[in-house]
Structure formats: structure tokens, C-alpha cells
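Novice: Position chain Z against the provided structure of chain W, taking the given hints into account.
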Amino acid sequence: MKGVAILKKKWFVHVCVLLLVVVLAACSSSNNGTSENTPNASNSSNQGGTPSESSTTDEQIELRMTWWGGQERHDRTLEVIEMYEAKNPNVKIVAEYSGFDGYFDKLTTQFAAGNAPDIIQYGGNLNDFVARGVVLPLDEYVGGALDLSKHDQSMIDAATMDGKLYGVTLGSNGWGVLVNKTAFEQAGVPLPSPEWTWEEFEQAAIQITENVEGMYGTADFEEDGFGIFLAQRGKVVHENGKLGFNDQDVKDWFQMWDGFRNSGAAVIPEIQAAATQTPEQSLIVKGDVAMQLIASNQYGAYSNATEDQFALYLPPNNSDTGENGASLRPSQFLSGYAETEHPEEVAKFLAFFTNDLDATAVLGNDRGAPVNSEVRENLISNASEIDEVIFSYIQTVSQTSDAPYVPNLPGYNETQALFKRAAEKIAFGEASVEDATNEYWTEVQKVMEKYEQ
Amino acid sequence: MGMSMKWQKMLVHIFIIGVGIFMLYPVLWMVFSSFKPERLIFSEPGLWPREVTLENYFKGWHVVRDTTFGLFFKNSFMISAVCVIANLVTCSMAAYAFARMKFPLKKLWFACMLMTIMLPAHVTLVPQYSIFHSLGWIDTKLPLIVPKIFATDAFFIFLMVQFFRGIPRDLDESATIDGCGPIKIYMKIILPLAVPALITTSIFTFIWTWDDFFSQVLYLNTVQNFTVPLGLRLFLDSQGDSSWGAVFAMSILSLMPTATIFFIFQKYIVEGITTTGLKG
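From first to last, the protein sequence lines are chains W and Z. Mapping of the first sequence onto the working numbering: residues 1 to 453, in sequence order. Mapping of the second sequence onto the working numbering: residues 1 to 280, in sequence order.
Next up, chain W with everything else stripped away, as it sits in the complex (with noise of 0.2 angstroms):
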């Protein structure tokens, strides 16, 4: 018995070492097949080292794009990129997709080893590559290559570093109040008027926390509301690396939810406490409240989450100022790679992304709504339901409001996090209005002052 387990045992061996033989054989074949190709990648790049002015139309141009996102923008992105293979013959894009998960961990490895791609999709961070001098600055190319002529004046500034544009802006986003319209109509609550104040906001929420069970008015707007709070009083969060509001101001916001929760307009400290910034999972999408801020971008991913029908509406007014605060803030760039061996060829695609009504058709909203006003009415006048929302706010926030685009607070993930602490320490009672402001703004000038140096 024992013996014929040993002769099984020694036929898996040699299965084992017969099948090394196989795949090593296969390894070296599949060897030859790169090695068959590296020749043909260096030429390319031999070729880009000649002179690369020269940008006649047989010289073969290979460029690689990486950017992340989800199924629908890879699909529409790879669309667009065969369409400009198409009318440029001798350029071929290679895509280089992923999530967002390890994306700009592999980023920093290639920039590391000189191994980036040729153009690259930025969020918010584009300012710390520029900082690490990876970026390729694009003023050369603009109005010869590149039109920027069209693109909205401050999407452009929110590329622009030191005095050089480092991209493009691939959409802008503006917040909006995402409504409830289902939860409304059921609660027997008429929808407020679109330009409403903060006390006609508090009135509608506590409408809903009475007359629908488990439900609450709204969810707490968070820093990015305080943003908007400011904007209001014609104010702004931080400009040249001094803070734009003082301890005041932020006594007032806190002041207004305290007295929000006590009225009932506001969401349980329990449960805004749990809140996730996945809007799948979101307070209004679980039914919890009625009413959230959201950046218009994420309207879609909303609205596909639930079967109730939503509504986005601009930020309660100052009563005082008549303002509503609401800005466009860019959402993804595009830009080159430093490095690259074709600045030009990267130039001309940028400008294709953007200005292209055809390719700019193609993409949609899915990056935010185009910074291009020409491509914005293209699109509104076949956009889709959702879509059609997104562009009239991003369209109303336009016409309504002249707040400026301020980036987040340097620090953001400390800044952010004792905004948040102390926020919640009123909500749950810990400390007084006065005493969370004190410690948030002692705290928050800290962290000014640090990024300063």
C-alpha cells in the first residue's frame, strides 16, 4: 500500500518537473516574442530623439496615456483616443488604463525609474508633481497647438502654477444641494424655490424630520459647506498661504447646524457620524435624509443608486449678501510628461480632448462638465437626462455666482480632520460652540503655519 503511495507520489514529480520543462521552453519563446519587440520600441524612440519639430506625417509616433476611472470612462476614453489615431495617422496611443486603487503609487514608481507615460490624467494633486518638476509646462504650444481660447478663464488659472499652464482641465464640478424630490412629494412638503435662503432650507428639513418617519431633513454639509459659507460673505478659505476667514466665522457656521440639530432640520450626531463619502452608501441614497451637499459630478452616481427621483439645487443664500457661494472647481487634468519626447504631439491631443466637438462629444460628462463653453452648448442640446442636469446647474452656477476656485487648504487630511473632530464635538455635546472654535482655530493656524516654512 505504502509503496504504491510512494509510486503515486513519484509520477507527481516527474508531471511536475516535465511540465518546468514545458513552460520554461514556452517562457523563452514568449522571450523571443519582447525581444522582438524592444527593437521596435527603441527605434520609435530613436526616431523621436531626431529632431522631433520635424513633425512630418510619415514619422511613426508612439505616445502612452494612462488615466484612471471606471468601465463607462475607459470605454468613451478609448473611443476618442481611435478616433485621433484616425485623423493622425502616423500617431498611436497607447492606453494605459486602471482604477484608481495603485495608480498614483505606480505613477511615482515610473517617475522614479523614467518610465512615465507621455500624458497623464491629475486630480487635485497636480500641484505636488508640478512641485517635483515631472510635469511639462504647455505655455509654448498655447494658441499655436493648443486653443485655449474657449476654455473658461478660471479652469485655466486652476491649471496654472507659479505662472505656467501644467494642463488642461478635463471638466468642472460646482457643489450642489442634491434634493429629494420622491421624499418631498410624499411628505406632502412643497419643493422649495431654487433660490432659496438658509432659513427657508431649515424650514424644509424640519418638514421632513416631522412628517416622514426615520427620515431627517439633512445631512451635515461638512467643510465643503463651510466653503460655500464663506463664498457667501465674500470671503475665501485660504489665498497665498494665509487663511481667508477668522475664528468668527467659524463660531457663526457652527452656531447655525447646533441650532439646526435642535430644531430637528439636521441628521442625529449618530448617524452623520457614520456617513461614508461613497455615494452609494450615502445618508440620502440609504434614505436616512432628504437633503446632502454633493459635487455635481457625482449627480449620476447618485441618482443610479436609488429609484428615487433627485433634484440638484444651488446652496441656500445669505440673506444678507443675496449670494449663494456655489464656485466650479476643476476636477481632473491632463497633462504632459516632462520627459516626454514629443511635447508637441502631447500638445495637439490635449487640445483634441478638449476642443474636439465630435470627441469631447464622445466623452460627456463623465470627467465633469467640459471647461470648453463652445463643447458645453454642444453637448446640453443631446446630453442625456442626467447629464442635462449636471451642465444646466454647472450653466446656472455660471451665470449665478462669481465666487473664485480655492483649492483645499494645504494640509488638507489634517485641516480636514479637525474640522470634522470638532464638528462632531458639538454634535454629540462634548464641548460648546465657543470652545470647539477656539481649539479648531488654534489648531488650524498651526497647521498654517507649518506649510508655511
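Read the hints as simulated data drawn from the structure, not as lab findings. Don't take every hint at face value.
In silico DSBU-like pairs for lysine-lysine, Cα to Cα no more than 30 angstroms straight-line [unchecked claim]:
(1) Z:Lys267 - Z:Lys188
(2) W:Lys251 - W:Lys450
(3) Z:Lys74 - W:Lys92
(4) Z:Lys106 - Z:Lys184
(5) Z:Lys59 - Z:Lys74
(6) W:Lys251 - W:Lys446
(7) Z:Lys188 - W:Lys92
(8) W:Lys92 - Z:Lys141
(9) W:Lys150 - W:Lys87
(10) W:Lys150 - W:Lys92
(11) Z:Lys59 - W:Lys286
(12) W:Lys446 - W:Lys242
In this text, all values refer to a predicted model and were calculated from it rather than measured experimentally.
Specialist: Frame of chain W; chain Z shown alone:
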């Protein structure tokens, strides 16, 4: 007495089954959610779907144009299979040397080998990437496969060394008397007796390679080379639309190979670990 023992056993079993179901709940939730239409996944809290659809599976399988999830499975299988075989052959050879052969500075080399386990992967990341880049191996499967052919998984070498040390030396000696050299002893004595350790190595190599995300995302650039973990993340954009239904559907498909392998070889895993002195 007998009766109460029986009752006690039953209670223990009921308790264990209950805890098991409790632990399985997230997986069950994923299974049921994969059959729900996208918009109901997060708004309908219960397990049982109100509407059943296979849409997530179709959508997930055709992940991007011209590419199906089948390609990712093929790539993942290819990489995992080669890694398993390479680890089996090379790690067992290295382990045999450490366990049975005499060579200069053996203790030092053994310590060096163990040190590679303790070295955090992040330290070697950039140099490694640069080397593979200068070899022209980026966006091929080679950076994921070739290192395994050189017995770089020190954990498995260590595991097998421990196992081999447990095999009585008398067997080697009598084989030597019968005229076997070191190679024959390795082939005819050690390997056949070390099957549990070999199976443990194969299973862990397979599961770890199958689930590995970071090195794959680093070295594979284009979708033609993508593996299952990379494919799953193609659906997810933390800042925009994520196709959760498709992720769940494909996650379930990607769980199947590992689950099957685990259930088939479950017995050997336990045997392999308990007999290597690596008692947890």
C-alpha cells in the same frame, strides 16, 4: 451521561455553525447583490433580491471594448501556474541544499535568505522597477514570473527546510549505501516524502499570486496583459461612477478557482503546516 454529552456536542455545533454563517454574511451579501440590478444593490438592504438579473455578469464579463474578463482569467492562470511550478522546483532544491548539503558559510546564507523575508517590499520597489525597466520587461509577465525561477520566495524555502529536517537522515544514509548521490536522494527520498509541504507551497503560491495586486498593477500597463485583480479594479473609480454590480459578479467568478483549490487540498494544507514545525 451519554445523552448530555450528545446534547453538549450538538449545542457546540449549532454555535459554530451560527458563527460561521455570521462570518460568511459579507460573502453571501455579495453573492446575492451580484444578481440584483445595480440601482437596488445599496438601496435594498435585505439579502433576497426583489428582482433577479444576470446583467451584472454580462456587463462585467465584457469589461471594456474588445476585451472580456476571460482574458484576465487566462493571464492570471498563466502567471499563477508558472509561479507554482517554479516555486515547487526551485524552492525545494534550495531547501534541500540548506537542509542536507554541506557548503561553506551555510549559516550565513541561511540568515541572508531569512533576511529577505524581513525586508519590506517597499524598500526594493523602485530599484527593482528600474532593473526590469532597463531589461525592457515592463508591461510583460516576466517581472512577475522570472524571479520565481530563482527561488526568491524565502518563506517557502524556510517552510520546506523545516519539513525536510523532519525526514529521518537514516533514509538518506541507507540510500547512500545503496549508491545514491545527492541528486538521487533528493529525487527519490526527499521529494516523495515531502508531498504535504509541496502541496502547501503550491496552494499558497497560487492563492498569493492570484490575489496579488500591487506588483501586477506596477508591471502590467496595457489591458491585454491585465490579470483578474487589475480587471476587478477597472470597474472602480473612488471619485465617480463605480459599477458595483459588475465588481461583485466578477469577484464571485474570481473567487471560484481559489475556493475550489482550497477545498480540494484543505487536508494537505493542515498536514503540511503541522509537520513543518511552523506551528502557529
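Novice: For each hint, tell me whether it holds in the structure or not.
Specialist: Here's how the hints hold up against the structure:
Restraint check for Lys267 (chain Z) and Lys188 (chain Z): satisfied, since their Cα atoms lie roughly 24 angstroms apart, inside the 30 angstroms limit. Restraint check for Lys251 (chain W) and Lys450 (chain W): the C-alpha separation of about 24 angstroms stays at or below 30 angstroms, so the hint holds. Distance restraint check for Lys74 (chain Z) and Lys92 (chain W): the Cα-Cα separation of roughly 27 angstroms lies within the 30 angstroms cut-off, and the hinted pair is therefore satisfied. A threshold of 30 angstroms between alpha carbons decides the hint, and for Lys106 (chain Z) with Lys184 (chain Z) the separation of about 22 angstroms falls inside it, so the pair holds.
For a cut-off of 30 angstroms, the pair hint linking Lys59 (chain Z) to Lys74 (chain Z) stands: about 19 angstroms separates their Cα positions. Between Lys251 (chain W) and Lys446 (chain W), the direct Cα distance comes to roughly 18 angstroms. Compliance with the 30 angstroms bound is thereby established for this hinted pair. Of the supplied pair hints, the one linking Lys188 (chain Z) and Lys92 (chain W) is violated, its CA atoms being roughly 55 angstroms apart against a limit of 30 angstroms. Our distance criterion of 30 angstroms between C-alpha atoms is met by Lys92 (chain W) and Lys141 (chain Z), whose separation comes to about 23 angstroms.
With a C-alpha separation of about 22 angstroms, the suggested pair Lys150 (chain W) and Lys87 (chain W) falls inside the 30 angstroms cut-off, and the hint holds. A C-alpha spacing of about 28 angstroms is found between Lys150 (chain W) and Lys92 (chain W), which places the hinted pair at or below 30 angstroms, so the restraint holds. This hinted pair checks out: Lys59 (chain Z) and Lys286 (chain W) have alpha carbons roughly 25 angstroms apart, not beyond 30 angstroms. Only pairs whose Cα atoms come within 30 angstroms are accepted, and Lys446 (chain W) paired with Lys242 (chain W) is accepted, the gap being roughly 12 angstroms.
The structure fails to meet hint 7 from the earlier list, while all remaining hints are met.
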